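Residue numbers -19 to -1, 1 to 258, in mature numbering (1 follows the signal peptide of the UniProt record, and there is no 0), belong to the letters of the sequence shown in order.
Any given hint could be a false lead.
Listed below are the simulated DSBU-like cross-link pairs for lysine-lysine, each with C-alpha atoms no more than 35 Å apart in a straight line [what the hints assert, rightly or not]:
id, residue 1, residue 2
1, K199, K172
2, K183, K137
3, K199, K213
4, K137, K9
5, K172, K46
6, K183, K172
7, K183, K142
8, K142, K46
9, K46, K137
10, K19, K37
11, K183, K199
12, K137, K37
13, K172, K213
14, K37, K142
15, K9, K213
16, K19, K9
17, K172, K9
18, K183, K46
19, K19, K40
20, K183, K40
21, K142, K172
22, K213, K40
23, K46, K19
24, K142, K213
25, K172, K137
26, K142, K9
27, K213, K19
28, K199, K37
29, K172, K37
30, K46, K213
31, K199, K9
32, K183, K9
33, K183, K19
34, K46, K9
35, K199, K40
36, K19, K137
37, K37, K183
38, K40, K142
By construction, these hints were calculated from the structure, which means they are not laboratory data.
Given the structure is predicted, the values throughout are model-derived calculations rather than measurements.
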Amino acid sequence: MSAAYVFLVLTSIASIVFACNYPTRHYKSMGCSASYQKSSNGCPAHFDCPNLTDRKTDKCYIHGKVYDIGERVPSEETAGSCTILFCSGFNDTAFFNIAIIDCAEFFAPSGIDCVRQYRRGQCCSYGSVCGHSRNNLRTCAVGNETLYEGQRYAVKGDPCKICICAVDSGGFPVENCFEQRCTFEFTDADKLLAGAAPVYEKGWCCPVDWRLPSENDKIVNTNCSVESHDHKCFYGNLTLNVGDVLEREITAQGTINCRCEIPPMVHCELDDTKKNN
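Using the sequences provided together with the hints, build the complete structure.
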């Protein structure tokens, strides 16, 4: 029995026991494909990201799809971010023009006895029900809270999931949830293209910031495991093995710790308990 086979079996068993605790939302948002092989940390061994590695300057990229200059991104792709996106261009260089959708609830909060109602795939509420009329709505029990039909809510413990209270004709709650999509492909495209690493903060679904490569960056902890041989992380001029750690960065927001765990990108986590005040 070969050593490689033994390693593969052990890795497969470990991936069942250990769930992936490293953030992958940036990969999912870009439409990257996860490797079928699992690492010992329970995560995909790597992601394939053609929208990142095979980009053309005269195309716009978002959520794994490609748009030509002059095209509008379908509304269902951007409703969650309350934006309208057009792929524009100058000198054969494409970029997104962004229009912000202004909803009534952004300017006029609901009354204390009112509930705004939403539909899946829409940015703004379609109506507001108040007073005695609200009591005629069907309800959903979420934890210890009672919500009204059409009311939107976040899922405790899963910052990437958003749900809307929905009830079938028999009065039973039905699953009506969707995954939040990140906006960095049009809000932070310049940082993404500059090779920056996503910075995550506990309790948030999408990256809260990006760490840009610097000539002063150093790998301070190296790892040469069997897993690190085939796939690497790339950050600026540095190539990292799986398990390699970058020198931490101290900011006013806290300490940024970055490492290579799921190639091809380095990812970072913000420890805001150690703020540099």
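These are the hints, each one checked on the structure:
Our distance criterion of 35 Å between C-alpha atoms is met by K199 and K172, whose separation comes to about 19 Å. Pair hint K183 plus K137 holds up; C-alpha atoms about 13 Å apart against a cutoff of 35 Å. At roughly 16 Å between alpha-carbon atoms, K199 and K213 fall within 35 Å of each other, so this suggested pair holds. Under the criterion of a C-alpha separation no larger than 35 Å, the hint pairing K137 with K9 is consistent with the structure, at around 21 Å.
About 19 Å separates the Cα atoms of K172 and K46, which keeps this hinted pair within 35 Å; it holds. Restraint check for K183 and K172: the C-alpha separation of about 21 Å stays at or below 35 Å, so the hint holds. At most 35 Å may separate the alpha-carbon atoms for a hinted pair to count; K183 and K142 meet this at roughly 15 Å. The suggested pairing of K142 with K46 holds, with an alpha-carbon distance near 22 Å, which does not exceed 35 Å.
For the suggested pair K46 and K137, the alpha carbons sit about 30 Å apart, so the restraint of at most 35 Å is met. Under the criterion of a C-alpha separation no larger than 35 Å, the hint pairing K19 with K37 is consistent with the structure, at around 31 Å. The suggested pairing of K183 with K199 holds, with an alpha-carbon distance near 25 Å, which does not exceed 35 Å. Between K137 and K37 the alpha-carbon distance is near 39 Å, which puts this suggested pair outside the 35 Å criterion.
Our distance criterion of 35 Å between C-alpha atoms is met by K172 and K213, whose separation comes to about 20 Å. For the proposed pair K37 and K142, the alpha carbon gap of about 32 Å is at most 35 Å, so the pair holds. Between K9 and K213 the alpha-carbon distance is near 19 Å, which keeps this suggested pair within the 35 Å criterion. Distance restraint check for K19 and K9: the Cα-Cα separation of roughly 16 Å lies within the 35 Å cut-off, and the hinted pair is therefore satisfied.
Between K172 and K9, the direct Cα distance comes to roughly 18 Å. Compliance with the 35 Å bound is thereby established for this hinted pair. Straight-line distance between C-alpha atoms of K183 and K46 comes to about 28 Å, which keeps the hinted pair within the 35 Å bound. For the suggested pair K19 and K40, the alpha carbons sit about 32 Å apart, so the restraint of at most 35 Å is met. Of the supplied pair hints, the one linking K183 and K40 holds, its CA atoms being roughly 33 Å apart against a limit of 35 Å.
Of the supplied pair hints, the one linking K142 and K172 holds, its CA atoms being roughly 26 Å apart against a limit of 35 Å. The hinted pair formed by K213 and K40 meets the criterion: a straight-line CA distance of about 27 Å does not exceed 35 Å. Distance hint between K46 and K19 is fulfilled; the C-alpha atoms sit about 26 Å from each other, no more than 35 Å. In summary, the hint linking K142 to K213 is supported, as the alpha carbons are separated by about 30 Å, within the 35 Å threshold.
The straight-line distance between the Cα atoms of K172 and K137 is roughly 30 Å, inside the 35 Å bound, and the hint therefore holds. Note on K142 and K9: the hinted pairing holds, with a Cα-Cα distance of about 14 Å set against a maximum of 35 Å. With a C-alpha separation of about 15 Å, the suggested pairing of K213 with K19 holds against the 35 Å cut-off. Of the supplied pair hints, the one linking K199 and K37 holds, its CA atoms being roughly 30 Å apart against a limit of 35 Å.
Proximity of K172 to K37 is assessed by CA-CA distance (about 16 Å); at most 35 Å being required, the pair is judged to hold. Between the alpha carbons of K46 and K213 the distance comes to roughly 25 Å, so the proposed pair stays at or under 35 Å and holds. Only pairs whose Cα atoms come within 35 Å are accepted, and K199 paired with K9 is accepted, the gap being roughly 28 Å. With a CA separation close to 18 Å, the supplied pair K183 and K9 stays within the 35 Å bound.
With a CA separation close to 24 Å, the supplied pair K183 and K19 stays within the 35 Å bound. Our distance criterion of 35 Å between C-alpha atoms is met by K46 and K9, whose separation comes to about 12 Å. Restraint check: the Cα-Cα separation between K199 and K40 comes to about 33 Å, which is no more than 35 Å; the hinted pair holds. With a C-alpha separation of about 27 Å, the suggested pair K19 and K137 falls inside the 35 Å cut-off, and the hint holds.
Between K37 and K183 the alpha-carbon distance is near 34 Å, which keeps this suggested pair within the 35 Å criterion. A C-alpha spacing of about 30 Å is found between K40 and K142, which places the hinted pair at or below 35 Å, so the restraint holds.
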